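Please model the entire structure based on the sequences and the hints provided.
Protein chains in written order, with this note's numbering: chain A, 1 to 258; chain B, 1 to 374.
Hints were generated in silico from the structure; no laboratory data involved.
Only a predicted model underlies this, so the values are computations on that prediction, with no experimental measurement involved.
Everything hinted at is true.
Straight line, CA to CA, 30 Å or less: simulated DSSO-like cross-link-like pairs of lysine-lysine: (1) B/Lys117 x B/Lys69; (2) B/Lys363 x B/Lys61; (3) B/Lys22 x A/Lys2; (4) A/Lys140 x B/Lys8.
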Amino acid sequence: MKTLTIAGRDFSSRLFLGTGKFSSNRLMKEAIAASGTQMVTMAMKRVELEDKEDDLLTHIITPSIQLLPNTSGVRTAQEAVFAAKMAREAFGTNWLKLEIHPDPKYLLPDSIETLKATEELVKLGFVVLPYCQADPTLCKHLEEAGAATVMPLGAPIGTNKGLRTLDFLKIIIEQANVPVIVDAGIGAPSHAAQAMELGADACLVNTAIAVAADPVEMAIAFKEAVIAGRRAYEAGLGAVSSDFTASASSPLTAFLNN
Amino acid sequence: MFSEELEKISWKETTEKIFAKKDSDVRRALAKENCDVEDFMALISPAAQPYLEQMAFLSRKYTQERFGKTMSMFIPLYLTNSCTNSCVYCGFHISNPMARTILTPEQMEDEFKAIKKLGPFENLLMVTGENPVKAGVPYLAKALDIAKKYFANLKIEVMPLKAEEYAELVTHGLNGVICFQETYNRERYKIYHPRGMKSNFEWRVNGFDRMGMAGVHSIGMGVLIGLEEWHTDVTMMAYHLRYLRKKYWRTKYSVNFPRMRPAENGGFTPNVIMSDKELAQLTFAMRIFDHDVDISYSTRETPEFRDNMATLGVTTMSAESKTEPGGYYTYPQALEQFHVSDERTALQVTSKLKELGIEPVWKDWDSSFDCYLK
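So this is what it looks like as structure tokens:
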């Protein structure tokens, strides 16, 4: 399996985890370990920034894991830039998962504000991984603005519905010059495998692991699914069954035999 | 720049790979919605020959999905045959003792008016040799200014320019640029292009990046079939097309597969001959590989072949072309760059297309859009 590189850092695991919704921090820690992930995102708003012994943070930090603070909760580019600066200060990393969702119900990313914030944060030296709509044109704009990856959604966040944006994800993957991380909506290991088979560079999973009856087992299932999907992609998938036998009559190409 | 990408791809290994493609590789490619360059290699390989009918079917399907049952019509005008290069296969090369012509602005007007009498052409392709002193950027700017009065969409096929020169021509109404790499075989390129600016492989192959950077709307690519192993050359072009698409995503792309004809300069014998069957296979393969790319057939091809391919993947055609400067009005008897095989009038070509259920599209752009480019 090829190594994934984002902003100069190598990742041998292509599964990234979110840290919300776990029933306990202890369980979260075990799930992170079981998943083999090397990058974990956490909402800055959930961490007690002044407290070095913050319970959530102490359960995440290990040397092999890249911390990816996210701006969940902000509603505008301006708020996002402010939150990003706070996060850089508090966590000592310039990596940032940019999330701007002014709508508190579906938490759908705001394309216009996300692009604005990306442009500004890149100028400020951040490694920006923007969560975004599965909009191919937006993804090209984000790429041109200097985003380190794009993170299009598979389905509305937390819905476990899988790759509802399939056709658009395909176009994004086809066009991208930066890694494509499918984020949001992945509800089952088969969804993650499907994304990887399409050629996505990585998946970010949270809810499906956090709310599983056994999050640790589920983390292992996702780990294996992501590996299987990636391996299949690199190996070259076989033909879907279709009847491509040469036919005796050739109405379209008979003229070539004259 | 693409020259750096090209360094990573071995000509020899690519050739071996293409000829090693198996039946299963072809079937896998045919079953895929999005083919990569490896699939393209399978589709142009000898292993795909038994699948021509299936390829034609898919090519027609994708073409109709994206382009409908239409054919975009264009006409070329050669502005000059003056050229400082000495491409060994070209009748216009510098040491050929022939009369050289550079159309004056008045003559251009005459040509444009004469073209308009042939049919309602709105897509014009202006072609020159490479003579930066006598037919450089100021000359092209002037030609575009005049042509814009007659045609909605202007393309040029000239020597590679600097990015800022392309950008300047865009402000004069330039919509598209066509440039043929001729061959992607870096070692052999020099043999065909021994002197002049054109002998610089990198400058030519990176010209497409410069067009992209300059924001040219439409980029046309091509390799000259007859120089090197065509399978390998078109595969390199497929890599190039994918590279450009990813990088300059606002641009439209077109491809051409010009088959070499005996030139007028005493004759360069093509090293490679591509049959009709192979050109058809390549056309289908290109469409299956890239559903959106404009595939253009010139009057180099015969009427029968053009008519048959018109429903199977080709999306742009020229008609009633003259390949000598001033050929429509000023110098109807001058030396042509290549021999035209389809000598039908524009009216005859388009009547035949209509009979085949294809609508000829003359105008697909409005020059009023160009004011925003300035």
